[in-house]
Amino acid sequence: MFSRNIVLTVLGLLVAVSLIAAPVSAAPPVKGNNQIDFENLPPKETLFSALFGAGDIPTLDPSLAEDTTSIQMGLELFVGLTRLNEETAEVEPGMATEWKISDDGLVYTFTLRKGIPWVRFDRSTGEVVVVEDEQGNPRYVTAHDFVYGVKRTLDPKTGSNYAYVNWIIKNAQAVNGGSELGDQDPLYGKVDEIGVRAVDDYTIEYTLAQPAAFFPGIASMWINWAQPRWLIEEKGEKWIEAENIQSYGPYALGDWTHDVSATLVANPHWPGTEAVPKPSIKYIHFTMLDESPSFANYEAGLADVSGVPLTEMDRVKADPVLSKELSIAPELCSYYYGFNVTKPPFDDVNVRKAFSWAVNRQAIVENVTKGGQEPARWFSRPGLTAAPDPAKDDFGPPVAGDPAKAKEFLAASKYGSADKLPEITLMVNQVEAHVKIAEAIQQMWQEALGVKVNLVTQEWKVYLDTLDSDPPQVWRLGWCYDYPDADNFARGVFRSDSGNNHTRWKNAKFDQLVDQAAIETDLDKRRALYVEAEKILVEEDAAIIPIYWYTRVQVTKPYVTRTYSIGGHEHYEKWKINK
Amino acid sequence: MGRYIARRLLWLLVVIFSVSLITFAIAHAVPGGPFSREKKLPPAVLKQLNEKYRLDDPLWKQYVDYMGGIFIPRITQGEPITSYLEDYLINIPLGEYTLRWMNFGPSYKSQSRTVNDVFRENLPVSAELGLYAFLVASLIGIPLGIVAALKQNTLVDYLAMAIAIFGVSVPVIVLGPILIWLFAIRIPIFLPTGWGSLRAEVLPSIALGLGSSAIIARLTRASLLQVIREDYIRTARAKGLMERVVIIRHALRNSLIPVVTVMGPIFAFLVTGTFVTETIFGVPGMGRYFVTSITNRDYPVIMGTILLFAVVIVIANLVVDLLYAWLDPRIRYD
Numbered sequence: 000m001f002s003r004n005i006v007l008t009v010l011g012l013l014v015a016v017s018l019i020a021a022p023v024s025a026a027p028p029v030k031g032n033n034q035i036d037f038e039n040l041p042p043k044e045t046l047f048s049a050l051f052g053a054g055d056i057p058t059l060d061p062s063l064a065e066d067t068t069s070i071q072m073g074l075e076l077f078v079g080l081t082r083l084n085e086e087t088a089e090v091e092p093g094m095a096t097e098w099k100i101s102d103d104g105l106v107y108t109f110t111l112r113k114g115i116p117w118v119r120f121d122r123s124t125g126e127v128v129v130v131e132d133e134q135g136n137p138r139y140v141t142a143h144d145f146v147y148g149v150k151r152t153l154d155p156k157t158g159s160n161y162a163y164v165n166w167i168i169k170n171a172q173a174v175n176g177g178s179e180l181g182d183q184d185p186l187y188g189k190v191d192e193i194g195v196r197a198v199d200d201y202t203i204e205y206t207l208a209q210p211a212a213f214f215p216g217i218a219s220m221w222i223n224w225a226q227p228r229w230l231i232e233e234k235g236e237k238w239i240e241a242e243n244i245q246s247y248g249p250y251a252l253g254d255w256t257h258d259v260s261a262t263l264v265a266n267p268h269w270p271g272t273e274a275v276p277k278p279s280i281k282y283i284h285f286t287m288l289d290e291s292p293s294f295a296n297y298e299a300g301l302a303d304v305s306g307v308p309l310t311e312m313d314r315v316k317a318d319p320v321l322s323k324e325l326s327i328a329p330e331l332c333s334y335y336y337g338f339n340v341t342k343p344p345f346d347d348v349n350v351r352k353a354f355s356w357a358v359n360r361q362a363i364v365e366n367v368t369k370g371g372q373e374p375a376r377w378f379s380r381p382g383l384t385a386a387p388d389p390a391k392d393d394f395g396p397p398v399a400g401d402p403a404k405a406k407e408f409l410a411a412s413k414y415g416s417a418d419k420l421p422e423i424t425l426m427v428n429q430v431e432a433h434v435k436i437a438e439a440i441q442q443m444w445q446e447a448l449g450v451k452v453n454l455v456t457q458e459w460k461v462y463l464d465t466l467d468s469d470p471p472q473v474w475r476l477g478w479c480y481d482y483p484d485a486d487n488f489a490r491g492v493f494r495s496d497s498g499n500n501h502t503r504w505k506n507a508k509f510d511q512l513v514d515q516a517a518i519e520t521d522l523d524k525r526r527a528l529y530v531e532a533e534k535i536l537v538e539e540d541a542a543i544i545p546i547y548w549y550t551r552v553q554v555t556k557p558y559v560t561r562t563y564s565i566g567g568h569e570h571y572e573k574w575k576i577n578k
Numbered sequence: 000m001g002r003y004i005a006r007r008l009l010w011l012l013v014v015i016f017s018v019s020l021i022t023f024a025i026a027h028a029v030p031g032g033p034f035s036r037e038k039k040l041p042p043a044v045l046k047q048l049n050e051k052y053r054l055d056d057p058l059w060k061q062y063v064d065y066m067g068g069i070f071i072p073r074i075t076q077g078e079p080i081t082s083y084l085e086d087y088l089i090n091i092p093l094g095e096y097t098l099r100w101m102n103f104g105p106s107y108k109s110q111s112r113t114v115n116d117v118f119r120e121n122l123p124v125s126a127e128l129g130l131y132a133f134l135v136a137s138l139i140g141i142p143l144g145i146v147a148a149l150k151q152n153t154l155v156d157y158l159a160m161a162i163a164i165f166g167v168s169v170p171v172i173v174l175g176p177i178l179i180w181l182f183a184i185r186i187p188i189f190l191p192t193g194w195g196s197l198r199a200e201v202l203p204s205i206a207l208g209l210g211s212s213a214i215i216a217r218l219t220r221a222s223l224l225q226v227i228r229e230d231y232i233r234t235a236r237a238k239g240l241m242e243r244v245v246i247i248r249h250a251l252r253n254s255l256i257p258v259v260t261v262m263g264p265i266f267a268f269l270v271t272g273t274f275v276t277e278t279i280f281g282v283p284g285m286g287r288y289f290v291t292s293i294t295n296r297d298y299p300v301i302m303g304t305i306l307l308f309a310v311v312i313v314i315a316n317l318v319v320d321l322l323y324a325w326l327d328p329r330i331r332y333d
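Line order of the protein sequences matches chains A and B. Read left to right, the first sequence gives residues 0 to 578 (numbering that gives the first Met the number 0). Read left to right, the second sequence gives residues 0 to 333 (numbering that gives the first Met the number 0).
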């Protein structure tokens, strides 16, 4: 009797589960096709990349992209007016063949490359095909597509996270809702008032709010790529799905199996330019995996390139084969500790200096982080345009610290000695790597200065909230580039009105220097200005403790010829497989 | 019996309501929001995002709208849906209209995913992995426990319990990489990551199941040891029944009651996604959404995954209660 009831219950349960698992008639995502088996791509023509990190690609919408993965995919699907060289971060021609700057530095006129078609991946034939308009003519990328992209990014309705970078364009800040009046501004939402226009089909003119030497770098950014208006108006937010998307870059999107993998297919209609050649590898297959499993795939011969988990670093360095495949490349990010300069004892510059000079950065990168990071003496990471260069510039706290000097600074402070200091709290977000670094620094302060500092950790978003509302005496953060220019670091973070400046430190001279550097066009003069500004930030006022500059650790199979990006975004169209 | 089940399922509604209310309240009470980040958003952009996802509404309205989106069916006409904000689990075409039901909302973090996408594509993967792990756990755990109890205080017992203690104390985060290194890299018979083929599915199922098998083995042993000292077992033996019949028909059935009690929640945990196992073996299940939704303050994903978990655990416990009656004739639900 009972057993029959149980059978019925179990059956009911199964029906309930299958109801959830397979909806009655929801449109299932289109997956795979008859022509190409994306799970078994030909190894000689495919790069299997595991450089992606776990979790789905958040978006492929250029206006909404904000993370490395989304931007990496976008860089192969689209090309900006300019394009940054991945190894030097120099601005190179992208979709624009040339650009002119008016004498007052306010008007930039870009001339567009002709005859680049919009393409899509055709699932029925397995080919990348040219997109046609209603009359059956090929759709070429025009100035109007670029203007549409810029306006869509700045349209407050889009809710773009990176729109603020474009506020340098005339009226853009007010249109986007960034002016003091917010959405009460008369220009709010009026995208046609933005200083960008298509002079003709192949000429784009930007008018800036103020001169900006780094604008060609901003023109390379995802927020300013051409976008297919006809498609976005038809498909709405879902225009980015594999079955819909249209693009024009060196690769097209062949497959996007959410949470699992994405495959790019070489676009034969991309003509190839000096900076963006025709791709050599036909398929790029990305798997969305955490570092450990991706490295396991690499070791099992299932991936051609992978990141290296920290726990494996010692073994990889010692292994005769893996050590040859290992590469450590710079990454344009900085790791630092900030002081809340309004809270005692850090309202005294000498205490701040003492704490900064007591930190042995060399020891941290060698014994704690171990990923080949570079000890940092200032904030703007070398490699950024106009950033100070360790080979030429010598300022900031010494790499290995200077405990004797640190003691002198402390003695010169109004407190005089360690025992007269108030209780000090160092706060970091609850991540093992950050806690390890904090513990090492805690010990360095104890040894050099005899100061016992409390270490407090908070969960990430709680921590961000704390930094906003009531920054603790000492805290940690990192910063990565949006556009590879020192402006994005010095002015973007520590100008007195920056929302990213949690130090509560203000210095009129610093503000004036970074403002001047932003409009200066001579590179050497700009670099000199940033050296002067950084000196104030890390030395004279010591508002922060620079700790290290990031690197990226990867392994690549020997049959892959490749470039090594310093920005974290690879240019796969330059890679080759020699099998 | 039928009435009992019906009553329990009605209670399920109460559970869902309470769990949703508590989860919603806690999720929103924690500091930080889905859009707070290292690089601060300009206030105007933040405002736009809050408007888009209706996070600027009063909390009670957000809750009512969210629950309404799930429970109140709606009828729509024509036009395919072009926004990730609307995605219904159940869509029944009625001529030119469509009856749509159960919109669990978008994900704020994975901007091109909805909670229903997670249910449709990631849940089945997690459920499959969980089911295999559950089988591994039961097929190893129960026999191991029985053998240990019957051969109490012998070498067999010690060996079985040593295996069990090993299983409990070696977490997946250690066992997983060892299995991968041994059976996918050194001796490449299995795949280190992925899902969808036998070669990929074996290692995660074993790694995940082994820990639970140890719990089951220890519980089976303890419980069986207690039962075989009961009077009715002595009676059965006195009747002259064969030892095999005594153990299987009389002792084992009763001794499984505590085991089944823990197996319900174990099952629920296993099938709704296991973050660590799925991460180590690159299994595209829903464990990642379960965990990261909380750190991302991805409210709809938090709500969706917790509600799903609540439903599964209630049903698993119901099945457990029904199994009691089958295992022990003294238990009745009439």
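Simulated from the structure, these hints should not be mistaken for lab results. Note that the structure is a prediction, hence the values are computed from the model and not measured. Warning: the hint list may mix true and false statements.
These stretches of chain B come out as covered by chain A in the derived footprint (C-beta under 8 Å, 3 or more residues) [unchecked claim]:
{"no.": "1", "region": "20-31"}
{"no.": "2", "region": "53-60"}
{"no.": "3", "region": "114-122"}
Virtual Cβ for every residue (Gly too), placed ideally from N, Cα, C.
Hints, verified against the model:
Residues of the region 20-31 of chain B lying with their CB closer than 8 Å to a CB of chain A number 3, which satisfies the three-residue condition for coverage. With 0 residues having a Cβ less than 8 Å from any Cβ of chain A, the region 53-60 of chain B misses the three-residue criterion, and the hint is violated. Evaluation of the coverage hint for the region 114-122 of chain B: fulfilled, as 7 residues show C-beta separations to chain A shorter than 8 Å, against a requirement of three.
Hint check: a violation occurs at hint 2 only; the rest are consistent with the structure.
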